[in-house]
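One-letter residues, chain by chain:
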Amino acid sequence: MDYAIEMLNITKEFPGIKANDNITLQVKEGEIHALLGENGAGKSTLMSILFGLYQPDEGKIKIHGKEVLINDPNDANKYKIGMVHQHFKLVHNFTVLENIILGIEETGLFGKLKNSEARKKVMDLSQRYHLNVDPDAKIEDITVGMQQRVEILKMLFRDNEILIFDEPTAVLTPQEIDELMHIMKELISEGKSIIFITHKLNEIKAVADRCTIIRKGRYVDTVNVADVSKDVLSEKMVGHKVNFIVDKDEAKPTDTVLKVDGLTYQPKGANKPLLNNVSFEVKKGEIVCIAGIDGNGQSELVYNISGIEKPTAGHVYLNGQDITTTSIRERNDSGMAVIPEDRHKHGLVLDYSVAENMILKSYYKPEFEKHGFIDFDAMNAYSDKLIEQYDVRSGEGSKSIARGMSGGNQQKAIVAREIESDSDLLIAVQPTRGLDVGAIEFIHKQIVKHRDSEHAVLLVSLELDEVITVSDRILVMYEGEIVADVNPKDIDVKELGLYMAGSKRGIGYEK
Amino acid sequence: MKNKSAGFFEKDSTKSVISSLIAILIGLLVGLVIILIANPADALEGFLIMLTGGFQEGMLSLGDVLAYSVPVMMTGLSIAFAYKTGEFNIGVPGQYYVGAFVALLIGVKATFLPDAIAWLIAIICGGLAGALWAFVPGILKAKRNVNVVISGIMMNYVGLLLVIRGVKTFIYESTGAQSLTVSTERAIPKFGLDVIFEGSSINFGFVIAVALCIVAWIIMNKTTFGYELKATGFNKDAAKYAGMNETKAVIMSLVIAGLFAGVGGAIAYLGGTGKAIQISEVLPPEGFNGIPVALLGFSNPIGCIFASLFIAYINVGGNYMQSLNIAIEVIDIIVAVIVYFASFTLFIKLMLDKFRNSKKHKTLAAKEGGNK
Amino acid sequence: MNIVYFLFAQTLLFAIPLMIVALGGMFSERSGVVNLALEGIMIIGGFSGIFYMNFMQTNDIMHGMPLLFTALLVSAAVGCLFSMLHAFAAVNLRADQTISGTALNMLGPALGIFIAKTLQDGQQNIGFTNEFRISSVPVLSDIPVLGDLFFKNFYITTFIAIAILIISYFFLMKTKTGLRIRSCGENPQAADAAGISVYKIRYLGVGLSGILGGMGGLIYILPISTEFTCSVDGYGFLALAVLIFGNWAPLRIAGAAFFFGITKTLAYAYGSVPFLAHLALPDTVYKLIPYVATLILLAFTSKNSAAPRADGVPYDKSKR
Amino acid sequence: SGSNKKTEIALITDSGGINDKSFNQSAWEAVKEYGEKNDKGYKYYKPASFDDEGYKKQIKSAVKNGAKIVVLPGFKFANAMGDIQEDKTYKDVKFVCIDFTPTKKDAAVDPAENVYCASYKEQQPGYLAGYAAVKDGYTKLGFMGGISLPAVINYGYGYLQGANDAAKELNKKITVNYTYTGTFNESPSIKTQATAWYNGGTEIIFSCGGQICNSVFAAAEDTKKFSIGVDSDQKDDSKTVVTSALKNVKQTVADQITAVYDNKFKGGAYVLDASGSYIGLSSDFSRFKTFKKADYEAEYAKIKDGTTKILTHSDDESAKGNPNKTVKLKAALTNVTVKFEG
Ligand SMILES: Nc1ncnc2c1ncn2[C@@H]1O[C@H](COP(=O)(O)OP(=O)(O)OP(=O)(O)O)[C@@H](O)[C@H]1O
Ligand SMILES: Nc1ncnc2c1ncn2[C@@H]1O[C@H](COP(=O)(O)OP(=O)(O)OP(=O)(O)O)[C@@H](O)[C@H]1O
Ligand SMILES: [Mg+2]
Ligand SMILES: [Mg+2]
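Chains A, B, C and D, in that order, give the protein sequences. Numbering (this note's numbering) for the first sequence: 5 to 515. Numbering (this note's numbering) for the second sequence: 4 to 375. Numbering (this note's numbering) for the third sequence: 667 to 986. Numbering (this note's numbering) for the fourth sequence: 8 to 349.
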């Protein structure tokens, strides 16, 4: 058998954890090989080893049957291995072209950069694979989807033959995912080999030839994708059966909790409003979901409701009270909780302990404050309770520093804090981003439970599966406007995609 | 494996102290080597004098150590306090100087205040002046995003020039081209400290300084206010998202830091030791000398007490070393080397971990070997 | 017209060393290492250059331009060596860069004075003879306006500094290595993934700051004195301010240095500017101009500061 | 620094240090020369803190280390000396005080018999410098003092009056730029200010403040103008130095140390002026264009016998060194216009 890549018995230990424990991965020439595993299973680590970012403690790597040493990305490049990283490796204030040539620059006199040939090659590649990138655009100005194409171009530009895609679809819209799959197939047809990491089983079913499953750093199995069902895959991944359907009763909406009325937001320097006359309501006992492609004003909507930004026009009411100009603190106090989109930037103080993070929004309340001093005993007791209740795992319980925890557990801590604040309105922005199925299931359950105990939930999500399974009502946002208000039962993913892409508008939302 | 001593050595604070001690040891060693090269004949004697100088003349020297530690303890505390909330308060020299000026102005000119409390009011006003001086970078940072390092540097010179002008206009002692000095009656009282530390320059200011360090520690670690300040320092965005007023926190942390620096200046010039503000356009060195104190003390207010005492101690020792032919700048070199190695904390801690682990492995291996 | 030439020449006196040292700091910070140590580097660079000069002059070994150029090399080399202490701490040991920078600021003058005192029997000042001023260049000095501005009564170091500015701009913004330096200061993970050694680049950045900082120390002291006292009067910190003011970009740094130079000049030469002299304000007011003007300007320009994103963040390969 | 023998001659510096190009340096040169020539241990000490307490402690520890003679250059030691001389422990130690007499709480007291205090009439060398400059043909003068100390002010006032008297003789009008730099250290700022003056027409600047001469001389060299040195003969520091206004601290200290070892030491307050050889201009007149040694000696004699009266700082202290605000002086300066910056 001709393997393009063989990673044999790879072991890699980080302080405190064996991220890879005797893992073997064999990728055939010209195949799309999926790599499946829960969060923290060790997929990214394994790939980083292949790409030369880490050195394995044990094990060897063969390329086309020949054993090789990959000490750094330059070596990887030498063996024509390229990688699209889970966290993009792009310099935000460089142009697309500069990012692509970085590390393999052509130079002329006095080391001056010579970009003309590179530019031509980039344009050619962009055209050939329908990538549509502008080589002179700055990274910070282009969409996430476009950034990913830059990452792909980086590989193509280097004429790589073995392409690693680490969770490329997490940040893409359905249409973009389709396009990516298309591109991947095209690449295969040219004889390249692809390693494809994703948590989404239908993507694996759609494109992958074979799939290697790892769990908690250990090798589980390699299967022919065509021969196994999604259920089998997920069972192998988590070690037990998984329930994909969110159990929930019919929503029984009562009083209006949140009312957004004609909200318009145009920051200084922007030439068009990012939010345009947005109006909607969220009632007690329902989960309303804002769906849409990333960058259509969802973040801005949340910032305006939660008070980070001040709207240009329009009003926000909470329980009938106008809170448009009140401070964030006042909003929290009058019944608003937010699970922010960016957990590291907005959700946690990473250098605080779990316990300190648990009271981040309530430290000044009588439960935790005595004459200006913090009641540490009360804090710890409260935190221990939440940790127990929400199964937040960390080394030293309440005392653990948040920075040292895995992403999933950090997220659980935030969810615990926000839900337990028992606020009338819970705004949850991408609460399950990048988490594994187990964690996702748990968080979804909590959100539904919260709804059922007489609270209003505003969910903002890019994941269509989540949108359809969790919400009671879907509002689709496109270019800063609400373009549809639909019932999840009456709609499928395809149609939702049309609304999201702006090619269709809902009843009552016509132009 | 989890016995008590292991727990102690695993504590982060223990590791910090150990790594500080290692830094100090290396600094002293480097100092010794340098003296040996420069003057082998006197080297050992000089080194010994430096190490024991703080006790050279008994309680007198010790009292001097305590007295000299006060200004840098306060400027160090100022830097440490702001550093905890994420800002590098390089404007300390200016804050220190305006504090000194206002305190002297009151000490000398506000004769309507009774002697018994004049010093206290002067210290408070000095602190407020320092706070005001730090308020400018604070508000510029909060409202206009001006980098605190650059505004601090500018405010240092503005303060220096204005203080000199102020001294010339209000409290000028023309025969010496310096400010008037506070009379012993209106100086900070000694409350018996002069009996314990006979002949030294110590006064009650030392107690105030230590008390302020402790208060700062309590504010930082025990109060909701400190909780807000630290949260802002670690992650401004998260603090804001959680409903804290991060603008206020930035301003307040700098203002409090400025207050400490101002009090430091006030205490230094109200000691009744004849210390006067000079009319020369040079920033007071105590300001910048606070930086190593804060850094050696891990930006911990209590750490600042020990760090300033240590620095004062070897400086007093260094002063006695002048009886030999060794340039006393070797003290500055030693302190610099110590600060340099203090920056290795992270590395030293990792090494400590490695060392412990390998010992663990060895004992384990030995046990297994024994079992076979 | 004479007054214009004069003000220009004085502006250079302040601006040139500030610019060179700030450019040095720029390389360090654009590569991701905060360099608070500029003051210490200037002092040690000035010290070694003057020490060398003193030796050459008193022993009559070398004089004039050759001496100046070799002295600049000595300053640059020693500055570079000294800055390696910072690089080692910041890059290899992932130290707190504020701390190691501060340590170097203390070490610079202490070491300089200690060495001087030890070798010169307690004397800490090192004298030198200024034989480097060029009073006029044949031909060139006859060019109208430019001739008077640039080719009369000047120091060759001015031209060296201008050359350094142009080269710095070209190097940082147009060359391969410049691109790599910038990538390490913004996103070292990306640079690493592109096969660039972040460590090497950061050593390079810090080393360049040592070279330019060291030269800056010598260039600072040459025209203004006849001896070196192991002090640069806070100009290293001012250079840091210029670097921030100049938004970490070469041409803006030059602009900031000149702005500061002009205000400083006016603060001390107001007597010969009729309009300013007429105001007859107390001299403190004039002396305050540079600092207050900078503060005001900053208040209006700081909203979108472009500090390198990874500036001051130790690079840890295994951190994601 | 110094030798390895028991330190009998000690000098204590104030914050200036032994390189201040002023009294610390001059005094140290005397100590060093004597110590080396006569094989006595000598050393200088830097106090741990620059205040009265710090000075006292340093004096005590110098004596403890064996000092028999303690040289204290500078007025900063006045209060410290006031206390020390009362302490009988130190009655066998000889003190040489430069530029001050002891004080108690800022009020003057008489020096004890083991305390020699020298102060100088700086206005006299200042006067001679101004007189010589104008007589030599200069009409636009400058005065840059370091910090407005009485000594510095006296140099400056003397300089103005000397220039005035010469101008009167020549029937000329003279302008003088006049300032205190606020520091005794060199700096780009001082060089700029000096260059600005030279550019504005000033022909010669009297640099009167320690190391600021580094910057003033550099400016003079740049503009091809002239300067006047201070305290010691600075002709070797720069070719632009036409002459120097001397106050011979080195001589004073050397004389007193010798007196101690010859058992001729006699305490008390001494004002040194033209009647001794402690003040004057430098002996080399070659850098003047027309001014001759004979002219100088004539003028010197007038000062010595008291014919020439010179106003000083103490005639109007409230002006803080601003000659334009010093009423008597202002009236006396008939032929001089002072442009004061400060
Ligand atoms: N540099 C590191 N230092 C310490 N631990 C690490 C490091 N990188 C990864 N880990 C840990 O190793 C384990 C495997 O991480 P890895 O990123 O490879 O998982 P993954 O399978 O890619 O997960 P995900 O689906 O979340 O991307 C995790 O527990 C992670 O926390
Ligand atoms: N600050 C963040 N906010 C929101 N999502 C994030 C953030 N950081 C990372 N993510 C997403 O979380 C996913 C996993 O991140 P990461 O690899 O850091 O977690 P992890 O250490 O593997 O944690 P776990 O194993 O618990 O999932 C990624 O897909 C990424 O998109
Ligand atoms: Mg992960
Ligand atoms: Mg991963």
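Don't take every hint at face value.
Computed cross-link-like contacts, DSBU-like style, restricted to lysine-lysine with a CA-CA straight-line distance of at most 35 Å [unchecked claim]:
| id | chain 1 | residue 1 | chain 2 | residue 2 |
| --- | --- | --- | --- | --- |
| 1 | A | Lys240 | A | Lys209 |
| 2 | A | Lys389 | B | Lys352 |
| 3 | C | Lys969 | B | Lys251 |
| 4 | D | Lys332 | B | Lys112 |
| 5 | A | Lys118 | C | Lys842 |
| 6 | D | Lys231 | C | Lys818 |
| 7 | B | Lys171 | B | Lys144 |
| 8 | A | Lys449 | A | Lys209 |
| 9 | A | Lys84 | C | Lys983 |
| 10 | B | Lys251 | A | Lys272 |
| 11 | B | Lys171 | D | Lys71 |
| 12 | C | Lys866 | A | Lys70 |
| 13 | C | Lys818 | A | Lys349 |
| 14 | C | Lys818 | A | Lys240 |
| 15 | A | Lys64 | C | Lys842 |
| 16 | B | Lys112 | A | Lys374 |
| 17 | C | Lys818 | D | Lys111 |
| 18 | A | Lys32 | C | Lys983 |
| 19 | A | Lys349 | B | Lys144 |
| 20 | C | Lys818 | D | Lys53 |
| 21 | C | Lys842 | A | Lys124 |
| 22 | D | Lys53 | D | Lys147 |
| 23 | D | Lys300 | B | Lys171 |
| 24 | B | Lys144 | C | Lys969 |
| 25 | B | Lys352 | A | Lys314 |
| 26 | B | Lys193 | D | Lys53 |
| 27 | C | Lys818 | B | Lys239 |
| 28 | B | Lys18 | C | Lys866 |
| 29 | B | Lys239 | C | Lys866 |
| 30 | B | Lys144 | A | Lys272 |
| 31 | D | Lys346 | B | Lys112 |
| 32 | A | Lys124 | A | Lys189 |
| 33 | A | Lys220 | B | Lys112 |
| 34 | A | Lys389 | B | Lys112 |
| 35 | D | Lys300 | D | Lys111 |
| 36 | B | Lys144 | C | Lys840 |
| 37 | A | Lys272 | A | Lys256 |
Covered stretches of chain D (chain B as the covering partner; in silico rule of three or more C-beta atoms under 8 Å from a C-beta of chain B) [unchecked claim]:
| id | region |
| --- | --- |
| 38 | 49-56 |
| 39 | 188-195 |
Quick caveat, the hints were computed from the structure, so don't treat them as lab data. Predicted, not measured: the structure shown is a model, and the values here were computed from it. C-beta: ideal position from N, C-alpha, C; glycine also.
*Go check the region 49-56 of chain D versus chain B for me, would you? Three or more residues, Cβ under 8 Å, otherwise it fails.*
Coverage by chain B holds here, the residue count being 6 at a Cβ distance below 8 Å.
*Would you check the hint for C/Lys818 and A/Lys240, treating anything up to 35 Å between C-alpha atoms as holding?*
Violated - the C-alpha atoms of A/Lys240 and C/Lys818 are around 83 Å apart, more than 35 Å.
*Holds or violated: D/Lys332 with B/Lys112, Cα cutoff 35 Å?*
holds, 24 Å
_Distance restraint between B/Lys251 and A/Lys272, which requires alpha-carbon spacing of 35 Å or less_ = holds, 24 Å
*Holds or violated: A/Lys272 with A/Lys256, Cα cutoff 35 Å?*
violated, 41 Å
*Quick one, are A/Lys220 and B/Lys112 close enough, alpha carbons at most 35 Å?*
violated, 75 Å
*Sort out whether D/Lys53 lies within 35 Å of B/Lys193, counting only the CA atoms.*
At roughly 27 Å apart (the allowed maximum being 35 Å), D/Lys53 and B/Lys193 satisfy the hint.
*asked:* Next pair to validate is A/Lys84 with C/Lys983; report whether the Cα-Cα distance is within 35 Å.
replied: holds, 22 Å
*asked:* Can you confirm whether the C-alpha distance between C/Lys818 and D/Lys111 stays at or below 35 Å?
replied: violated, 57 Å
*A/Lys118 and C/Lys842: Cα distance at most 35 Å?*
holds, 9 Å
_Against the 35 Å threshold, does the CA-CA distance of B/Lys144 and A/Lys272 hold or violate the hint?_
holds, 20 Å
*Decide if the proposed pair is consistent with the structure: D/Lys346 and B/Lys112, CA atoms, cutoff 35 Å inclusive.*
Holds - the C-alpha atoms of B/Lys112 and D/Lys346 are around 33 Å apart, at most 35 Å.
When held up to the earlier numbered hints, the structure conflicts with 11, 13, 14, 16, 17, 20, 22, 23, 25, 27, 33, 34, 35 and 37 and fits the remainder.
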